[in-house]
Amino acid sequence: MDKKKILFLTGTRADYGKLKPLMMAVEEHKDFECYIFITGMHTLKEFGNTKNEIYKDKFKNIYVYINQIIEEPMDLVLANTINGFSRYIRELEPDMLVVHGDRVEALAGAISGAINNILVAHIEGGEVSGTIDESIRHAISKLSHIHFVSNNDAKNRLLQLGEEESSIYVIGSPDIDIILEKSILNITEIKRRYEIEFKEYAVLMYHPVTTETEKLKHNIKQLVDAVFESGDNFIVVHPNNDSGHKIILEEYKRFDGYGKIKKFPSIRFEFFLEILKNAKYLIGNSSAGIHEAPVIGLPSINVGSRQQGRFKFETIIDSKDDKESIIKSIEKVKKLDNCNSTNHFGDGKSKENFIKIISGPKIWETPTQKVFNNIYFERNIFNV
Numbered sequence: 001m002d003k004k005k006i007l008f009l010t011g012t013r014a015d016y017g018k019l020k021p022l023m024m025a026v027e028e029h030k031d032f033e034c035y036i037f038i039t040g041m042h043t044l045k046e047f048g049n050t051k052n053e054i055y056k057d058k059f060k061n062i063y064v065y066i067n068q069i070i071e072e073p074m075d076l077v078l079a080n081t082i083n084g085f086s087r088y089i090r091e092l093e094p095d096m097l098v099v100h101g102d103r104v105e106a107l108a109g110a111i112s113g114a115i116n117n118i119l120v121a122h123i124e125g126g127e128v129s130g131t132i133d134e135s136i137r138h139a140i141s142k143l144s145h146i147h148f149v150s151n152n153d154a155k156n157r158l159l160q161l162g163e164e165e166s167s168i169y170v171i172g173s174p175d176i177d178i179i180l181e182k183s184i185l186n187i188t189e190i191k192r193r194y195e196i197e198f199k200e201y202a203v204l205m206y207h208p209v210t211t212e213t214e215k216l217k218h219n220i221k222q223l224v225d226a227v228f229e230s231g232d233n234f235i236v237v238h239p240n241n242d243s244g245h246k247i248i249l250e251e252y253k254r255f256d257g258y259g260k261i262k263k264f265p266s267i268r269f270e271f272f273l274e275i276l277k278n279a280k281y282l283i284g285n286s287s288a289g290i291h292e293a294p295v296i297g298l299p300s301i302n303v304g305s306r307q308q309g310r311f312k313f314e315t316i317i318d319s320k321d322d323k324e325s326i327i328k329s330i331e332k333v334k335k336l337d338n339c340n341s342t343n344h345f346g347d348g349k350s351k352e353n354f355i356k357i358i359s360g361p362k363i364w365e366t367p368t369q370k371v372f373n374n375i376y377f378e379r380n381i382f383n384v
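Taking the UniProt record's numbering, the leading residue of the sequence shown gets 1, the next gets one more, and so forth.
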């Protein structure tokens with residue numbers, strides 16, 4: 001029997017962190033060939049050239065496509081990615097395409113796959129958030145034939161979107177697999193590698209809110225002012241490449257030469273998780289404050305609207321964008337003692353669940369012609 005070709009598309013450090021356990025499982029399986037299409041932020045020097053991290057993981061079949069220059073609008077990035085990816089899949093003829101999350105690169109992959117009658121599997125569909133990202137995530141789900149979701153909440157949202165229940169598999173969030181595994185380096189070794197001298201520190205991650213770009217300059221200044229006023233040590237990870245990231249990076253220049261701040265364009269995902277495990281708290285608007293932080297018992301401050309509507313735990317403190325609110329939230333988060341680990345996103349066995357499902361015959365019988373599953377009406381109310 002010929003090996004089935006499983007093609008993964010990755011465009012950011014974040015989605016690679018989620019997809020990597022699944023990629024590894026496919027790479028090691030005797031019945032599959034793993035292919036990886038690298039694009040997006042991975043190819044940009046300004047964001048750490050993170051494609052090199054993928055090369056270090058020694059996957060055999062890697063293809064790199066540069067889909068953008070700095071500050072390229074999202075719609076042009078989408079068009080560029082469709083152009084390059086569609087040509088690639090015509091050559092490769094994969095049996096399944098795996099995309100993750102809510103980025104435009106994943107949307108491009110889902111469009112190309114669906115139009116070419118290739119099975120599209122979406123990781124972590126059915127989740128909610130603020131900004132245009134949520135609309136993109138749901139659009140990817142509607143273009144996908146198979147859904148690997150984190151929990152039953154996500155499953156129920158996909159059912160609301162009209163997806164067939166038989167196409168939805170609850171496997172957990174793949175990053176939980178990595179969190180629950182022992183790190184390849186301990187925190188002392190990681191600090192040495194990244195030249196971090198702080199004994200205690202917090203982590204700052206803040207991304208542009210694409211639907212509120214007119215407020216970004218004011219909001220990021222308020223956050224940076226609050227960071228300075230807190231007096232805490234901070235490890236700062238640069239934002240993603242959404243429109244407005246240059247405004248954030250320009251404001252971050254105020255940190256230059258300040259001994260309590262250490263900035264990084266990117267940090268390898270496994271090492272980043274270990275840094276989180278040893279932090280005092282996480283602040284910003286990254287999904288890491290919603291997904292990863294509660295699992296390791298790390299309190300977080302969620303600033304602004306970017307993660308609006310997502311699942312919240314007692315360890316997550318919501319803050320408005322103004323300096324006074326952020327300062328109050330920092331004071332509050334420091335009083336949270338003995339935060340328990342809380343996990344709503346799986347048991348750390350998502351890769352085993354994923355491989356078990358794609359190794360069986362059922363999933364390969366999934367039709368590429370989708371049918372809308374109307375869960376509300378049993379009769380034809382449109383009289384057609």
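Since the hints were derived computationally from the structure, they do not count as laboratory data.
Every residue, glycine too, gets a C-beta built ideally from N, C-alpha and C.
Treat the hints with caution; some may be incorrect.
Straight-line distance between alpha carbons at most 20 Å, and here's what the computed SDA-like set of lysine to any residue pairs gives [unchecked claim]:
#1 K328 <-> W364
#2 K199 <-> L185
#3 K142 <-> I375
#4 K5 <-> T43
#5 K5 <-> L78
#6 K56 <-> E28
The calculated label-pair distances, taken between Cβ atoms and stated as ranges, are [stated by the list, open to error]:
#7 E72 <-> H218: 49 to 57 Å
#8 M24 <-> P367: 48 to 56 Å
#9 P361 <-> D318: 17 to 25 Å
#10 E324 <-> H29: 20 to 28 Å
#11 S359 <-> N117: 44 to 52 Å
#12 K58 <-> T213: 36 to 44 Å
#13 N373 <-> R193: 32 to 40 Å
Here is what the structure says about each hint:
With a C-alpha separation of about 53 Å, the suggested pairing of K328 with W364 is violated against the 20 Å cut-off. At roughly 17 Å between alpha-carbon atoms, K199 and L185 fall within 20 Å of each other, so this suggested pair holds. Only pairs whose Cα atoms come within 20 Å are accepted, and K142 paired with I375 is accepted, the gap being roughly 16 Å. A C-alpha spacing of about 24 Å is found between K5 and T43, which places the hinted pair above 20 Å, so the restraint is violated.
For the hint linking K5 to L78, the alpha-carbon distance of about 24 Å lies beyond 20 Å, and the restraint is violated. At roughly 16 Å between alpha-carbon atoms, K56 and E28 fall within 20 Å of each other, so this suggested pair holds. At about 25 Å, the CB distance of E72 to H218 disagrees with the hint of 49 to 57 Å. At about 29 Å, the beta-carbon gap between M24 and P367 misses the expected band of 48 to 56 Å.
Checked against the hint of 17 to 25 Å, the pair P361 and D318 fails, with Cβ atoms roughly 46 Å apart. Taken as a hint, the range 20 to 28 Å is violated for the pair E324 and H29, whose Cβ atoms sit roughly 54 Å apart. Between S359 and N117, the C-beta spacing of about 22 Å breaks the proposed range 44 to 52 Å. Between K58 and T213 the C-beta distance comes to about 40 Å, which sits within the given range of 36 to 44 Å.
Checking the proposed 32 to 40 Å range against N373 and R193 shows it is violated: the Cβ atoms sit about 49 Å from each other.
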